[in-house]
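Chemist: Based on the provided sequences and hints, a complete structural model is requested.
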Amino acid sequence: MTTMTADGLLTREDAAQAAAETPKHEGGAHSLTQDAALLKPVLETTWRFWAMAAVLLMIGAFGVYAYLFQFKYGLGVTGLNRPVYWGVYITNFVFFIGISHAGTLISAILRIAKAEWRRAITRSAEVITVMVIIFGVGSILIDMGRPDRLLNIIPVIKFGRFQSPLLWDVCSVTCYLFGSTTYLFLPLIPDIAILRDRTTGVRHALYRTLALGWKGSPRQHRILEVLISIMAVIVIPIAVSVHTVVSFVFAMTIQPMWHTAIFGPFFVCGAIFSGIAALILAMALIRKVYHLENYLKQIHFSYLGLLLLIMALLWFYFMVCEYLVTFYGGEPAHMAVLWDKIRGPFAPAFWTMVVCCFVIPLTILSNRKWRTVTGTVMASIPVVIGMWLERWTIVVPSLSNPRLAGTHAHYFPTWVEWGIFAGESALFILAYMCFTKLFPIVSIWEIQEGRELAVKEVSERVHSYLPSDEPERQEAAS
Amino acid sequence: MNETEHAKARPRWGMVIDLDRCDACQGCTTACQTENNIPPPTPQSAAQDRSIRWMELLPNVEGEYPRVKLRLIPRPCMHCDKPPCIKVCPVGATAIGAEGIIAQVYARCIGCRYCTTACPYTARYFNWYPPRWPEQLSQSLNPDVSVRPRGVVEKCSFCHHRLQKARDKAAAEKRELRPGEYLPACVEACPTKAMFFGDLDDPRSEVAQLARSPRSFRLLEDLGTEPKVFYLREGE
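In order, the protein sequences belong to chains A and B. The numbering of the first sequence is our numbering, which starts it at 1 and goes up by one. The numbering of the second sequence is our numbering, which starts it at 1001 and goes up by one.
Since the hints were derived computationally from the structure, they do not count as laboratory data. These numbers come from a predicted model, not from an experiment. Treat each hint with caution, since some may be false.
Stated by the list, open to error - Computed spacing ranges between beta-carbons, pair by pair:
#1 A1047(B) - R343(A): 44 to 54 angstroms
#2 T374(A) - K1082(B): 27 to 37 angstroms
#3 K288(A) - K1082(B): 53 to 63 angstroms
#4 I381(A) - A1047(B): 36 to 46 angstroms
#5 D1222(B) - K437(A): 56 to 66 angstroms
#6 D1222(B) - A61(A): 48 to 58 angstroms
#7 D1222(B) - Y73(A): 34 to 44 angstroms
#8 L57(A) - D1222(B): 49 to 59 angstroms
#9 Y73(A) - G1224(B): 52 to 62 angstroms
#10 L151(A) - Q1139(B): 28 to 38 angstroms
#11 R1071(B) - V320(A): 37 to 47 angstroms
#12 L313(A) - K1082(B): 15 to 25 angstroms
Heads up, the beta-carbon is just placed ideally off N, CA and C, and yes, glycines get one too.
Modeler: Below, the structure written as structure tokens:
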């Protein structure tokens, strides 16, 4: 890792020296004519954007209205009951936090692995994380019977207790939000500086503040790259911990089919799975709407499609493990839930999930010819739907089959719950769209860096993998 | 439960319900609703599975038609010695008292309903709506029990307020609390005298002796929650 960074720094300084004669921003301006398409969405807005924003805002407003309705009349306006105390909101919490694994985790892994094809996609992935976490946390707040007592969960000052897995969630998700925001912001700085130099008025003031005095000097680049590598390493364990403790909310209870050790890794796997699908959808939309076919290429979708295929197989493996172990053990309390999912009232949701999360992506993505933009999108839409259904068939069937209740529960969400879900989704997409209007959704400087430095660096790296003719050089390299 | 253990001062309150004597009249449920200011179930709340019954009759079907036997088992909060609900509460709104009673702090509860999903007995209830009583009942609430607001969790308290009252009375009369002085409303109301209440750690107490009976069992005993509500199996 260190040697690799050192290599990178050397190359960077060489390049800086080489470019020393020509002033830096002139070089930047030159390249920008090449990458003007990336700045275009930020600087120009069509009526289509406003139309789309208006539609999303209306759906979002409906969601806000639904929540205010619930705030006024209480959780009685939902379809929840005893014993199904948790429903759509908790499903959404797990689902949204899962989607958030698209960004930071994938981006960080690709960065650390020095996967050069990452350059065009990391930004759009990281933004998903930051935007969607907010709605994940929001889902928990929406689920609270007494949102006015939210601050009670603060430890030390108020009554927060670390014995409760919910407090683990609070800590982990807070770390994740701050970590991934930092991780999104750091690689954004050079691009903000580009925008600062090209805007006036309020926007200029905003970009000037956010650019933190970025001049693009070799020293600044060095610091930035060190910080990005540190953050990339830090956010991975945080991201893994986030969905592990989300699963612990269920697994730590002794309820049938919740109390299993497989939930931690299974949830992380499902999170990355749904995250990649969401990323593919976001990229396909960006590519089409902003005409970035030259940046978000077929090859990106093909690679992400491969990753999605791997995650689909891994997801299926975990599912078979979980269900086979439960089935073979045959404990009555667990079997009641299992039968409810396989052939009971939850069978439609369960089998749709299996088709959406496994059959469809496997069919499409295992065929190389179909790993195109359209193909991966066709695989990703069912994955996102299927993963929501997976969270649903985790939360509701277990609660519907308590060991002792004396009632046979039927839960179906009301318009309030659907309305809030629609509103959250719409506001997430709207927030994402607004981001693309404020900042370049494809990292300009990283594309430039790829063009100017990485090609050379990668060919050198490949050479260093090969057996060397000169023993001295080999030693120096190691 | 030997003599040395009994030497400690604090009692460990527990209940025994003799299913041989219980005829499922629901007198305990009614007494509990009145005593604890529980809003009476309405057709709507029943249809939505949202009625609150701290003491509920749990249907237990044994066998298959035509040899079927239906038992109705009165189920209060089990007041487990190892309660799964307390572990998961993020704000400490539910806690086990020194005498083993699981308390609920209504003023602190944030209504996340984690305890309700963690309780394997589903003995915890949520206030989906603000509590409402029919006109005739609203003037006769029990002043010793607080009315719960919308959005918090509640459950059987073993009529903890009765313990406080009995303690106060004993203290005023400068004497120890006498056995049988503190009884939850359900125990007191049971017309067939099927319910017993007292200190499980006092080997001479009726509950401690009954709890050791060969007929005695507890609900979901294998989960390790150590409930303090014992049942006596029907004879035959």
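Chemist: Hint by hint, note whether the structure agrees.
Modeler: Consistency of the hints with the structure:
1. At roughly 26 angstroms, the beta-carbon separation of A1047(B) and R343(A) lies outside the given 44 to 54 angstroms, and the hint is violated.
2. Between T374(A) and K1082(B) the CB atoms are about 56 angstroms apart, so this pair departs from the stated range of 27 to 37 angstroms.
3. At roughly 57 angstroms, the beta carbons of K288(A) and K1082(B) sit within the given window of 53 to 63 angstroms.
4. Checked against the hint of 36 to 46 angstroms, the pair I381(A) and A1047(B) passes, with Cβ atoms roughly 37 angstroms apart.
5. Taking 56 to 66 angstroms as the suggested C-beta distance range, the pair D1222(B) and K437(A) conforms, at roughly 59 angstroms.
6. A C-beta distance of roughly 51 angstroms is found between D1222(B) and A61(A), which places it inside the suggested range of 48 to 58 angstroms.
7. At about 41 angstroms, the beta-carbon gap between D1222(B) and Y73(A) stays in the expected band of 34 to 44 angstroms.
8. Between L57(A) and D1222(B) the beta carbon distance is about 54 angstroms. The supplied range of 49 to 59 angstroms therefore holds.
9. At roughly 40 angstroms, the beta-carbon separation of Y73(A) and G1224(B) lies outside the given 52 to 62 angstroms, and the hint is violated.
10. Remark: the range hint 28 to 38 angstroms for L151(A) to Q1139(B) is upheld by a beta-carbon distance near 36 angstroms.
11. Range check, R1071(B) to V320(A): about 39 angstroms between beta-carbon atoms, so the 37 to 47 angstroms window is met.
12. The hinted range of 15 to 25 angstroms is not satisfied by L313(A) and K1082(B), whose Cβ atoms lie roughly 40 angstroms apart.
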